[in-house]
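Visitor: What follows is each chain in one-letter form.
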Amino acid sequence: MKTRPIKYPLIESAAETLRAASGCLLADVTADAARAGDLSMADIQISADTLRMQAEIARQSGYPQQASNLIRAAELTAVPNAEVLRMYNTLRPGRATHAELVALADSLETDYHAPECAHLVREAAGVYQIRGLLQK
Amino acid sequence: MPISRRFQLLEKREVNRETFVEPWPEAGLIVADSPADPQPSLRIEAGRVTELDGRPRDQFDILDTFIADHSLDLAAAEIAMATPSIDIARMLVDINVPRAEILHLVAGCTPAKLVDIIRHMNVLEMMMGLGKMRARRTPANQAHVTNRREHPALLAADAAEAALRGFAEIETTVGVARYAPFNALAILIGSQTGRGGVLTQCAVEESLGLELAMKGLTTYAETLSIYGTEGTFVDGDDTPWSKAFLSAAYASRGVKIRFTSGTGSEALMGHAQGCSMLYLEARCLLVTRGAGSQGVQNGSISCIALPESLPGGVRAVLAENLLATMLGLEVASGNDALASHSDIRKAAKLMLQFIPGTDFITSGYSAMPRRENLFGGGNFDADDFDDYNVLQRDMQVDGGNRPISEQEALAIRTEAARAIQAVYTELGFPAITDDEVEAAVLAHGSEEMPSRNVVADLAAADKFLPSEQNILSVVRALQIRGFEKVAANLLEMGRQRVAGDYLQTSAIFDRNFKVQSAINDVNDYSGPGSGYRVSAERWQEIQNLPQVKSPRDFIADQIGEPCARLAELGPARPGVSPEIIVAVGPAFGTELIRTINGLDHEEVLAAILTGVASQGLVARVVKIYRTSDCAAIGYIGAQLSGSGIAIGLQSRGTTIIHKRGLARLSNLELFPQSPSMTLETYQAIGVNAARYALGMVTTPVPVQVDNWARLRLIVKTALLHRHETEQVQDQPPMEMRFDWEPDL
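Chains as they are written, first to last, in our numbering: chain A, 1 to 136; chain B, 1 to 744.
Hints were generated in silico from the structure; no laboratory data involved. Heads up, some of the hints might be wrong.
[Said to hold, decoys possible] Just a sample of chain A residues kept apart from chain B, beta carbon distances all over 10 Å, derived:
no., residue
1, GLU16
2, ARG35
3, THR50
4, ALA67
5, LEU76
6, THR97
7, HIS98
8, GLU100
9, GLU109
10, THR110
11, ASP111
12, HIS113
13, PRO115
14, LYS136
[To be verified] Label-pair distances were calculated between CB atoms; the ranges are:
no., chain 1, residue 1, chain 2, residue 2, range
15, B, THR425, A, ALA33, 36 to 46 Å
16, B, ARG6, A, ARG131, 33 to 43 Å
17, A, GLY132, B, ASN16, 43 to 53 Å
18, B, VAL97, A, GLY132, 51 to 61 Å
19, B, GLU447, A, LEU25, 45 to 55 Å
20, B, LEU427, A, LEU25, 22 to 32 Å
21, B, ALA431, A, PRO80, 53 to 63 Å
22, B, GLY376, A, ARG35, 50 to 60 Å
23, B, ALA431, A, SER40, 39 to 49 Å
24, A, GLY132, B, ILE344, 47 to 57 Å
25, B, ARG119, A, ALA33, 51 to 61 Å
26, B, ARG57, A, VAL102, 15 to 25 Å
27, A, ALA33, B, GLY376, 35 to 45 Å
Just so you know, even glycine gets a beta-carbon here, dropped at the ideal spot from N, CA and C.
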């Protein structure tokens with residue numbers, strides 16, 4: 001599979017087209033907009049698409065694991081802050097039953113369209129079972 | 001046993017305040033090559049690892065599983081594992097093998113294989129390897145900014161100064177956890193005042209860390225600690241999967257992530273399983289890679305004293321830095337926690353990272369006095385700023401720092417303290433008074449700061465954290481109060497977050513707010529003349545320490561109106577009477593009129609002549625033109641002396657008593673320490689010269705030995721000698737008239 005190389009840094013190569021998580025064009029994130037109070041946190045937050053582009057850059061530069069992490073990050077942009085923290089805590093050792101971990105994986109997959117994250121959680125569920133790291 | 005004075009003193013040396021122990025593998029107290037360390041092996045069946053370092057899959061612990069399924073490039077593994085370790089070790093130091101080739105090969109290496117490669121390398125070879133394998137071409141440095149009283153204006157001022165001093169990342173932490181949002185805010189404002197583009201973090205518990213990031217107050221996180229055994233990992237309340245998830249969570253909010261690991265942590269936490277520190281760290285590094293972290297903070301970090309208590313500890317710590325770079329990870333290479341009581345030992349250890357250069361040479365240089373360091377760090381601190389800058393200048397090495405003037409520091413500290421004062425006012429936080437601003441500008445530590453109302457500050461911090469106020473509110477506050485540049489830098493950090501370029505390996509921002517990472521500033525070292533070189537501009541910056549002086553006016557004190565009481569008569573003739581010749585250098589009393597320690601040449605001559613006269617003899621003054629060398633001046637004088645005794649006197653004050661018949665470089669007495677000479681010494685020299693002439697028993701004039709004098713005055717000595725040498729001419733010794741009467 002050959003993909004067209006993405007030019008790095010994006011702040012230069014994609015200055016006109018980059019959009020924040022809110023959909024706001026990066027070009028519209030200006031001092032005047034800030035002064036006018038027209039910006040929200042989502043306007044200075046990275047989008048899933050951009051994270052996927054950064055993932056592709058990492059992959060093309062020989063950092064495949066980092067690329068996978070950025071893909072998972074792209075998926076997690078859809079998950080609200082508090083929910084992300086809850087998921088993380090569920091994954092910590094001894095916090096969840098096997099069924100709870102599987103449920104988390106399902107929720108990631110169906111509610112948030114986060115298959116890579118779901119995969120990571122399912123894998124953890126299997127290993128935790130073998131290694132005795134599920135909730136006792 | 002009788003007591004040796006020397007051993008008694010040695011016992012009190014700083015280095016002997018440390019603990020040195022012999023290895024004890026069962027307790028994990030061994031830096032490398034423990035008997036329990038496995039041999040490298042890798043079995044792959046149907047595209048799946050079934051055996052890793054001697055352990056079959058059904059016996060894998062969580063680290064083995066994670067490494068087998070996430071960290072290894074199985075396509076590269078077959079060749080990698082079949083390549084003799086010594087060959088890979090040699091590639092690391094071979095300038096003809098590029099970094100990319102090694103990265104590719106090492107991607108297929110198991111933890112035991114990685115350690116096996118290191119086994120063949122000494123520290124010099126590892127330093128070569130580190131210089132080549134570092135991901136980012138340009139080295140950098142990271143700072144800690146905290147203070148014991150968690151004073152916002154002081155945090156901002158210290159962060160601003162640290163940014164100006166060149167640190168590319170600045171981290172803070174908390175004494176009281178509730179201060180977190182305020183401390184993060186203070187160093188954000190401070191750092192962006194000092195230099196736009198400095199990345200910042202606030203090291204706190206993970207969920208709080210994420211909250212700060214979500215408010216836009218931080219841009220990186222290196223709090224993700226991992227460990228090399230399952231027991232330690234679980235005691236740390238994580239697994240490789242939970243940490244991988246957390247990495248993705250941080251990255252999803254635009255935060256650059258870096259794991260933390262390091263030799264010694266497993267032994268410290270009681271779960272080393274008899275394995276060596278380096279083997280366990282190799283496992284950590286593979287987990288770091290597998291989880292997709294762009295980099296690692298390693299180099300033993302807070303455990304540094306443990307490997308350092310063991311033989312080969314400092315070598316092992318360098319080895320773990322090297323291993324990280326071999327895995328393509330950014331490395332913030334330790335040198336942060338206190339590593340030694342001994343300045344010699346600390347500095348020597350630093351050189352292993354400083355000379356090759358790493359992505360961050362220290363993963364936390366204390367930008368304030370170490371007593372203010374809430375990380376327990378401060379191996380190098382604000383007191384050492386000038387030492388560090390001098391080391392850069394000595395070796396023409398870019399250690400990531402730059403010298404700044406006091407004036408620049410005060411200006412930037414003022415701006416930062418005022419900026420945070422403005423933000424506190426605009427956002428309705430407890431006011432920062434003008435007195436506090438003023439104190440923060442000038443303070444070295446928080447004891448110089450006025451007290452704040454802690455209860456009110458914490459209540460405001462509690463309110464700020466869940467509120468709608470965020471980095472954008474801060475930008476507006478700064479804009480309203482006229483801090484346009486700081487506001488623009490903060491907003492640019494927000495814009496950069498949208499692009500996410502700084503999530504890539506080894507990313508920092510340069511002085512023009514341009515991202516610089518292993519993608520666009522990749523280390524391309526391939527021997528002399530390649531890779532990172534200190535540019536002409538950077539070299540100017542490194543060498544121009546504020547304390548550098550022009551040597552041109554160094555000898556101004558020694559120059560002045562020629563001595564009025566000293567006049568040249570004509571060519572000197574050999575004497576016949578029992579006299580002393582005082583032979584002076586060619587610049588004496590004319591081009592130079594004072595000795596190196598400021599004695600007037602006339603006074604010096606008077607003292608010598610007084611000494612001679614006290615023994616009933618007279619002295620003739622003769623100026624030597626053909627040489628500026630002290631021994632030669634004395635030697636020529638002795639040939640002219642009626643008694644055969646002469647005193648040779650260089651203009652800078654160096655003196656010799658010479659005697660006809662002695663070899664030129666021999667002497668009766670030599671006084672090389674001109675800075676220690678007093679008029680009393682010169683008079684005593686006159687006395688002794690006369691006594692030699694009279695054939696009397698003579699005790700040499702006692703000389704003061706100050707071995708530091710040469711160190712202090714060598715430049716001046718060189719310039720005085722150069723000045724005297726410039727007066728050398730092909731002219732015979734000249735008789736001088738000195739207008740002086742003995743005061744007897």
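Visitor: Enumerate the violated hints, using their earlier numbering and listing them in ascending order.
Guide: 2, 3, 4, 5, 15, 16, 18, 21, 22 and 23
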